[in-house]
Structures are given as structure tokens and as C-alpha cells.
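Sequential numbering of the sequence shown, starting at 3, is according to the working numbering.
Everything labelled a hint here was simulated from the structure, so no lab data went into it. Computed from a prediction, not measured in an experiment: that's the story for all the values here.
Straight-line distance between alpha carbons at most 30 Å, and here's what the computed DSS-like set of lysine-lysine pairs gives:
| no. | residue 1 | residue 2 |
| --- | --- | --- |
| 1 | K253 | K358 |
| 2 | K358 | K284 |
| 3 | K221 | K358 |
| 4 | K253 | K284 |
| 5 | K306 | K236 |
| 6 | K358 | K236 |
| 7 | K284 | K306 |
| 8 | K253 | K221 |
| 9 | K253 | K306 |
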Amino acid sequence: MNRRTFRRAVLSLGLATTTLVAAVATPAYARPDHHAPTPAVASPVFAITDGVARQVALTGRSELTRLGVSAASGPVDLLAAGVDARLAGQLRAANQRLLLAKGLPVGTGSLLRLRLAHPDMRAALARGEAPLVAATPPDDSAVSVTAYDRSGATVVLDAARVPQRPVLVVDVDTERALTAGLALMRAELGVRGIGRAAPARPATRASGVTASAGYWATKVNTIRLSDDEEPWIKGDAEIYNLVAGFGLDGKVKVDLVQMPYLDHDGTTYHPNQLLVHFSSYKYNLADVVMMEDDGDTNYSALVKAIAGALLVIVDGGAYTPLVNAILDAIPTSWYTDDPDFVDAWYTLSTASSGRKDGAGANGWMDVAPYWVEQF
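Turn these sequences into a full structure, and let the hints guide you.
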């Protein structure tokens with residue numbers, strides 16, 4: 003099952019959840035009908051990185067060999083790679099376009115990086131084989147990868163089979179982009195009146211003959227995402243969560259929570275990470291929407307869309323699931339990798355414990371209540 007199928011599944015399951023909550027209370031948010039996503043428009047980020055891939059391929063043989071040796075040891079910041087003046091100018095201009103395409107401020111710095119597509123290619127590089135250069139495709143379901151040789155000619159590769167010839171990949175430094183993007187989103191949400199669910203009023207919990215101040219949170223003990231068999235050219239994803247609930251003032255609150263360790267599908271992680279903080283929620287319920295940045299996310303457009311959807315939600319005196327409101331805010335034309343929806347968890351509470359499967363069946367979390375004690 004690919005992620006677009008996951009989206010349709012979670013929206014269907016979400017409607018059932020919303021209906022269940024509506025059985026006991028009038029919802030404040032009316033979910034519109036969903037349609038299958040339209041074909042994705044051409045990715046502006048891919049257009050930039052694909053152009054850079056061709057420019058890198060056309061650089062001199064010794065330069066390309068040097069870049070390949072560096073990339074075999076780890077990702078290379080292309081703007082700091084010490085390339086010739088002509089290529090350096092092209093890279094700086096491409097990085098400026100990339101920042102604009104991702105809705106990030108100029109101060110974010112360099113987002114262009116070069117990496118070896120697969121560890122198994124190191125031996126071929128060591129033998130002196132000339133590498134191809136390619137950009138990460140924007141679609142997880144791509145069946146082919148377009149690479150460039152030293153003459154700039156295209157070479158079409160099978161996306162499902164690791165090629166024997168080494169491939170250098172131009173892609174986005176998603177770790178840096180996500181850090182800058184979430185900072186921008188937090189600031190923009192705050193300006194629009196959608197604050198964070200930061201600790202506001204400590205509760206007390208009896209413990210023997212004493213009482214301690216603090217608040218309840220939901221801790222993720224273990225987490226695993228399904229193995230989607232993504233193409234060999236795809237790098238590690240950067241995972242983050244939109245945790246949403248109603249604040250004490252009845253307005254929607256959103257926390258943005260990163261999961262920087264969650265690099266691979268089909269791998270079980272044990273983070274012991276606090277995900278939901280119930281200190282300033284009006285209701286004992288919150289929703290989680292998990293997303294990833296594979297390179298294409300425009301954070302400026304994303305935060306405007308999400309804020310626009312959440313600001314119209316009015317507290318009707320009972321909890322209303324917020325997952326669908328967030329997903330409805332994302333234009334269907336973005337549904338390739340920009341931004342990439344992973345899964346969602348509805349109505350987590352302070353009593354939530356044990357294994358909780360995502361509504362889209364793309365992952366599960368083992369959670370437990372956790373008392374955050376005040377000093």
C-alpha cells in the first residue's frame with residue numbers, strides 16, 4: 003500500500019471517528035467530502051535539484067571524482083565543496099531558488115547537498131568508475147530515475163534496482179530545512195493566534211501522603227512505520243508531528259514535535275519521547291498528524307493553509323477531532339512528497355497506553371501515560 007492509499011484510508015477512518023464523536027456532541031467542524039488526489043504538479047524543488055545534478059555532472063572529471071570520494075564518506079554541502087567559480091555561482095543561484103521554493107528565509111543557509119545513492123556503490127567509486135549524477139525524484143512511486151553522465155546525456159535507471167554504476171544524488175538537506183521550517187511555522191502560527199500547548203497550570207497528583215505538582219503527558223515508548231519499499235535513491239526522511247487540541251481558552255493549539263531518529267521504515271525505535279503535553283488542554287484529548295519532509299515541502303504555504311483551516315474551528319463544548327481539518331487544508335496538488343502525510347492518531351488521552359495503530363495503517367506507537375513533575 004503506497005502513501006496516497008494511506009491518505010485515502012485515514013480520511014475514511016477519520017470520518018468514522020468524527021461520526022462517533024458527533025454521536026455524543028455537535029461537532030464544531032464539518033468535514034467536506036474528499037476526492038482522490040489529482041495528479042501532482044511538477045515539483046519546483048525537483049526542477050532545481052535536477053538542474054543542479056546536470057551541472058555537477060558536466061563539471062570536470064577530476065572535480066567529479068573528488069566530489070564522489072567526499073560523498074562516499076557522507077553527505078557533502080555543495081556550497082562549501084570548493085568547486086570551480088562557474089559551478090559555484092550556479093550553485094549559489096540554485097540555492098536561492100531552492101529557499102524560495104521551500105518558503106524559507108535567506109538566513110537558512112545552504113540546502114544543496116550531494117550524497118552517494120547507496121553504500122554498495124563505494125567499491126565502484128574506489129575502482130575509478132565515473133559516477134552518474136541524479137536528483138531525488140519527487141514521487142515515491144516513480145519507476146525510473148533520470149541520471150546524467152559527464153557529457154550531460156541522460157541515463158534512465160530502474161528505480162527498484164540498485165544500479166552497479168555509482169550514482170551521486172543531489173538533494174535537499176532536509177534536516178536543516180525542517181529545523182528552519184518548523185521554526186517558521188511556530189512563529190507564523192503564533193502570529194495567527196494558534197499557540198503551543200505549553201505548560202500553563204500545574205495539576206497535583208497524590209502520592210502516598212504528599213501531593214506533587216506537574217501535568218500528564220503521553221510518552222512514546224516504541225514506534226515503527228511500515229516498510230514502503232521506497233526507491234533506492236531516496237534518502238532518510240525527516241519526520242515531524244502536528245499535535246493538536248483545544249486550549250483552555252477554547253482555541254485550537256498546535257505543537258510541532260520532531261522525531262529526528264525515525265530515519266527508516268520497517269525499523270523499530272525506542273525513543274521514550276514525550277509527544278502530547280496535556281498541561282494546557284481544555285479536554286483530555288488530542289490528535290496527532292505525522293508528516294515527513296522528503297525535500298519538497300513549502301513551509302510558508304503549509305503553515306498558511308493549516309492556520310486558515312484551524313482558525314475557523316470553534317469550540318462547541320465537546321472535543322472535535324482535528325485530523326481531518328489539517329488534512330483538508332493541504333491542497334491535493336501537493337500530495338506527492340509535498341508535504342508527505344505519513345499517518346494519524348485520533349483522540350489520544352492521558353489514559354492512552356499500549357499499542358496504538360495509526361488510522362492509515364502505516365505505523366504504530368506503543369504509548370504510556372507519563373507524569374511530568376514540577377521542580
